[in-house]
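**Q** Put chain B on the given structure of chain A with help from the hints.
Sequence order for the protein chains is A and B.
Oh and the first sequence: position 300 is 300 in full-length UniProt numbering, straight run, nothing missing.
Oh and the second sequence: position 148 is 148 in full-length UniProt numbering, straight run, nothing missing.
Since the hints were derived computationally from the structure, they do not count as laboratory data.
Every value quoted in this text rests on a predicted model; they were computed, and no experiment measured them.
Be a bit skeptical, because a hint or two may be false.
The list treats identical chains as interchangeable, and a pair is accepted whether it falls inside one copy or across any two copies.
[Stated by the list, open to error] Result set (DMTMM-like, lysine to aspartate or glutamate): computed pairs, CA atoms no more than 25 Å apart in a straight line:
1) K278 - E203
2) K171 - D58
3) K5 - D109
4) K347 - E237
5) K5 - E384
6) K346 - E310
7) K346 - E335
8) K356 - D274
9) K35 - E310
10) K164 - E408
11) K111 - D274
12) K229 - E283
13) K46 - D17
14) K284 - E351
15) K346 - D274
16) K171 - D371
17) K273 - E203
18) K5 - E18
19) K272 - E354
20) K356 - E96
21) K5 - E51
22) K273 - E351
Protein chains: 2
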Amino acid sequence: MQGWKEYQEQNKQRFLDELLELLRMPSVSARSEHKQDMLACADKVKQRLLEAGADKVDIYPTAGHPVVYGEKIIDASLPTVLVYGHYDVQPPDPLELWHSGPFEPVIKDGKIYARGACDDKGQFYMHVKALETMVKTNTLPVNIKFLIEGEEEIGSNNLGEFVKAHKDLLKADVILISDTAMLSMENPSIDVGVRGLSYIEVEVTGPNRDLHSGVYGGAVANPITILAKMIASLHDENNHITIPNFYDDVQIASEAERAEMAKAPYDEEEYKKDLGVKALWGEKGYTTNERTGIRPTLELNGIWGGYTGEGAKTVLPSKAFAKISCRLVPNQQHEKITELVINHLKKIAPEYVEVKANPHHGGDPYVTPADSIEFKAASKAIQETFGKPPIPVRGGGSIPITALFEAELGCKTVFLGFGLDSDNLHSPNEKFNLFNFYKGIETIPYFHKYYAEMKTVRP
Amino acid sequence: MQGWKEYQEQNKQRFLDELLELLRMPSVSARSEHKQDMLACADKVKQRLLEAGADKVDIYPTAGHPVVYGEKIIDASLPTVLVYGHYDVQPPDPLELWHSGPFEPVIKDGKIYARGACDDKGQFYMHVKALETMVKTNTLPVNIKFLIEGEEEIGSNNLGEFVKAHKDLLKADVILISDTAMLSMENPSIDVGVRGLSYIEVEVTGPNRDLHSGVYGGAVANPITILAKMIASLHDENNHITIPNFYDDVQIASEAERAEMAKAPYDEEEYKKDLGVKALWGEKGYTTNERTGIRPTLELNGIWGGYTGEGAKTVLPSKAFAKISCRLVPNQQHEKITELVINHLKKIAPEYVEVKANPHHGGDPYVTPADSIEFKAASKAIQETFGKPPIPVRGGGSIPITALFEAELGCKTVFLGFGLDSDNLHSPNEKFNLFNFYKGIETIPYFHKYYAEMKTVRP
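The following block holds chain A by itself, in its conformation from the complex (with noise of 0.2 Å):
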């Protein structure tokens, strides 16, 4: 409609250069010798909204990394869509594993392969060309802001007092964020909720200097052996969570709404085979979906101690580390959950050792309803582009900020997002396809399009 598909058709190839550009840029938010990288990438999506016709673009620097905030309003009467996404990416180890670079983005079989890809430079990108698209066809139906920050990646730290700082400026009436995915092209589902998140750090420290595992071994605890033995007794035989209270606050789902999710299209043996795998492992009595859906897991993201290097070598060591996360679930809250898992280390850490627990960053669960508008546009702008409604289905990941942002602005998130499971997100070998990206700029302006409306007759 209105030409943009034509205007698309046109500039494809430079929406994809220009892509690409952002991809070559090494923004890992995680890595401080990054960070001269992290203010390049940030000055080069100022620049790429200025040329799609935001009228103001301010780099706003926070105690991280800056965030990227860019506007255009062409009529205060018209309803307001907050888009945010990021600009920083995980860091991109094991590169051993990266079939090409992680930074040298590659076109292959209809995918671009990059650190960044999908998550999340190719998936806000996507906006930004929506804007360009509706600006110079002269059809943008609503105020647009852009907030793009620099930290979703290692928890959005400093986002939450940007946020507060700023409601004025962030005013608008929804937000939308493409940075989930779809369950296939075929199968186009909205996220209608994304999980919370909790994140420690563990140190266990046995004796106080690495020693010789001849000279004292089986004398002394081995912090690598008693961490082991933490880490087993997190999960019970029916791997459940066996924290004290952990499961306190989780919404159970009714059997209507659980008959509603095994309607989603899985094929076990599908899934077993992508993942390599014989069995699937996970809480007892609940499917897949369901696991990774409505209910909350504890997940080791790391561990390490002792010698790692190649060859042997004899030592008792000092200390052993682990990286620790668990994904939330209505109405669980990442403080608390954070506070019981650090406090259940602690406690139970034997004499042996001296157990220390941190919290790297947190957010809560988030839910958009389904009968809500915000759902509904985006229902609607799907529902055009790819001739058959939605799925609506519950994320297994997180995007910490959205609970925040309706505390803070009041307003409904909607996940709009393009990737797939399968695009290798925080793995190596990240790849989104074309295919995702092109009919991501096609949906998005629907989306804005039919918000416009549907908020315009609303009561």
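**A** Frame of chain A, contents of chain B only:
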């Protein structure tokens, strides 16, 4: 006697300077990047042996790092002592815990700080200087052979073949090794046994790639969690090792033997204070000395998997790894135990994961009878220079090659060690007391003297 003390006093500083030069060579056998350093170190050992008075020194290549062989044969009718030592050292990691560079030796408070200061450059070099002392004072009472290898810290994988191929060259009456510790300088002791070793590495694979812990968390087995459960199951609540048949061949010490062992000075509060732990850990029913001497152990030497860098990464990793080693006691056999451990790990692996386990290296335990003339000569030498007889103890460490020496060369080994348990072997800030270094050089010639006397009058 015979001018030894005077000669050593006059050459004290040079002895030390020569050792420091050796310690500056980063002869880390486990790391392929140190191959050239290993060759340079072998050359230096050769040069020093020749300077000390050896008639002939050769460097023998092996499939790994070379062996240095040297000899001083004065009279075929005299007994021959084969001195064994190693010029390779443990990797220096973790580097950040060293107070000075591991290969930049410093003398502080009468101690030499450097990787290899005690294990084993400082200790084998005492023998080189003892040889020099006896040669220069024309008092050598035996023939001496030196076998200084470069792969002790990685399991002496190629030494067995070398020994088998050079039985005539290595023919001796006794093997003398300084690679162990004394209880203290006030309580000199001799190890009458060393434990055997079985070292393996285990790899647990879950999904075929690193996954997003939100998207897949809760639905697929996390290899870190599974590895932790496997490790946790290897010791029961009494810290007995749970692997079936593990203890089958363990020689049970008699009550009389245990009573004898209990006489060794040991202060539990001092031991805990030195290690900085509130409580000791170990197999129920045994004392610390028994746990590190006459009982086998299973220790975790390293563990790694997932994201171990700065900050937080929400990954569910594909793989987790551990390095595990067992210390063995008579009459356990390392090959049998290695097989037991590997098979057990594979057996307890749940269907969710794939487990690979591979042997690194190993060696059998060894005991020197306290009523042998080999032990008696060492005992008398210590009585001579320390003014009191040594306490016989069972050492916790391993010198895997000793069992092979006995099998192939048909002679006993004496462990005449001058280190201390507090020397930080295999740890940051390894050290060797200057007092011990010089005491060793002073004592060793007496071993040769008394051994020659006892051997000659042997019926």
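**Q** Look at each hint and say if it fits the structure.
**A** A quick look at each hint next to the structure:
1. K278 - E203: between (33 Å within a copy, 17 Å between copies)
2. K171 - D58: within (16 Å within a copy, 82 Å between copies)
3. K5 - D109: within (23 Å within a copy, 80 Å between copies)
4. K347 - E237: Answer is both: 21 Å inside a copy and 18 Å across each meet the 25 Å cutoff.
5. K5 - E384: For K5 and E384, the Cα distance is within 25 Å only inside one copy (13 Å; across copies 98 Å).
6. K346 - E310: between (33 Å within a copy, 22 Å between copies)
7. K346 - E335: within (17 Å within a copy, 39 Å between copies)
8. K356 - D274: between (38 Å within a copy, 21 Å between copies)
9. K35 - E310: For K35 and E310, only the inter-copy Cα distance (14 Å) is at most 25 Å; the intra-copy one is 31 Å.
10. K164 - E408: within (7 Å within a copy, 78 Å between copies)
11. K111 - D274: Close inside one copy (18 Å), not across copies (59 Å); limit 25 Å.
12. K229 - E283: both (20 Å within a copy, 16 Å between copies)
13. K46 - D17: This pair counts as within: shortest intra-copy Cα distance 17 Å, inter-copy 63 Å.
14. K284 - E351: Answer is between; shortest inter-copy Cα gap is 16 Å, intra-copy 33 Å.
15. K346 - D274: For K346 and D274, only the inter-copy Cα distance (24 Å) is at most 25 Å; the intra-copy one is 38 Å.
16. K171 - D371: within (23 Å within a copy, 90 Å between copies)
17. K273 - E203: between (36 Å within a copy, 21 Å between copies)
18. K5 - E18: within (19 Å within a copy, 80 Å between copies)
19. K272 - E354: between (39 Å within a copy, 14 Å between copies)
20. K356 - E96: between (32 Å within a copy, 20 Å between copies)
21. K5 - E51: Only inside one copy: K5 and E51 sit 19 Å apart there, 87 Å across copies, limit 25 Å.
22. K273 - E351: between (44 Å within a copy, 14 Å between copies)
The earlier numbered hints are all upheld by this structure, with none contradicted.
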